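Asks: Here is how the chains run, residue by residue.
2 protein chains.
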Amino acid sequence: MVSMRKLICLTGMPGAGKTVVAEIARSMGLKVYSMGDVVREEVLKEKGYLSWEEIKRVMFELRQKEGPKAIAKRVTKALMRDTWEIVVIEGVRSLDEIEEFKTIGKVVVLAIHSSPIDRYIRLKNRAREGDPKSFEELQERDFKELSLGLGNVIALADYMIVNDGTLEDFKEEAKKVLLELIKRGE
Amino acid sequence: MVSMRKLICLTGMPGAGKTVVAEIARSMGLKVYSMGDVVREEVLKEKGYLSWEEIKRVMFELRQKEGPKAIAKRVTKALMRDTWEIVVIEGVRSLDEIEEFKTIGKVVVLAIHSSPIDRYIRLKNRAREGDPKSFEELQERDFKELSLGLGNVIALADYMIVNDGTLEDFKEEAKKVLLELIKRGE
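Chains U and G supply the protein sequences, listed in that same order. Counting in my numbering, the first sequence runs from 49 upward without gaps. Counting in my numbering, the second sequence runs from 49 upward without gaps.
Hints are supplied without guarantee of correctness; some may be wrong.
Which copy is meant is left open, because identical chains are indistinguishable; a pair holds if it fits in one copy or across any two.
[What the hints assert, rightly or not] The list that follows gives simulated cross-link-like pairs (lysine-lysine, DSSO-like), each with its CA atoms no further than 30 Å apart:
{"hint": "1", "residue 1": "Lys192", "residue 2": "Lys150"}
{"hint": "2", "residue 1": "Lys219", "residue 2": "Lys231"}
{"hint": "3", "residue 1": "Lys223", "residue 2": "Lys95"}
{"hint": "4", "residue 1": "Lys181", "residue 2": "Lys150"}
{"hint": "5", "residue 1": "Lys223", "residue 2": "Lys113"}
{"hint": "6", "residue 1": "Lys224", "residue 2": "Lys95"}
No wet-lab data here; the hints were simulated from the structure. Fair warning: this is a prediction, and the values are worked out from it, not measured in the lab.
Only chain U is shown next, with the shape it has when bound in the complex:
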């Protein structure tokens, strides 16, 4: 039954480590939906190419135009077409989105936390297009994400992994928590 589906909603500030957890989930055979992929798809449809600027613009514009559940609704639609019993949704950013996901299954929120300074160092090393070049740039991005209500999702998370040690420790902890979430019947 669709209503018994379990949705593990992955959340966290930029650079906290969501992508690493999503990769581990994939390697464990879990289906991962990325809120970011939905945005990238929209950009491709609209522009025919991808750029960080366009992705950032569409991410906020979609929510402004169609409401805070705009992106979640697209994920829900895709989810209804498949039959996975447990899925991970990466990049949940507001309680409105959580509310949307609750309409199609049991939601568990897993937050990844990392201090601003650790996230800055990580993003600086990663240096992906659009990643902050200064601490002030990170703060600006943080505030923009928080304005969507991301802080509320983190504060009310059912599970929290603190990413403040080595990458290996973090991966191990993430795997442990995901296994626990898979095993739990509730």
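For this one, chain U is given, so just place chain G on it according to the hints.
Replies: Below, chain G alone, put in the same frame as chain U:
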């Protein structure tokens, strides 16, 4: 010098475990200022007695009347009168308050996280006056606190302790983190 003071700002949702950490800090000889005490003092001054209803009312009213830094400013004023080099401030609820504290020292934010269900069980067992009697009551209180911006403070915390095991484990972890914060020169 006053400007070199270190302020450990303790934050977290209701029932996360802030009071336990504050108690440990006191037992380690640290001076603890409580944002709640400031509110209680105001209620006593105004009413001559304490009640949960009045405390809750004044907590929100003070911030509404005098702005989001109202309570933080009273703590700052008290802090300026003493000479402690490291202090713990319990119950910080917004980035505005953090901003106020930054005017008198180096701020480190320590957040305590616990899942809504764990917090509910804890508060139900504690059954202090004003504690939620149903999960819905807890959610209502959570949303009220989040409306002050508490989620943003938690999401941007420099240190995070997850309180999801035994009380003993939690106390040990809190002690370890506090010791690290005391030792760190920065």
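Asks: Among all the numbered hints in the text so far, which are the ones the structure does not match?
Replies: 3, 5, 6
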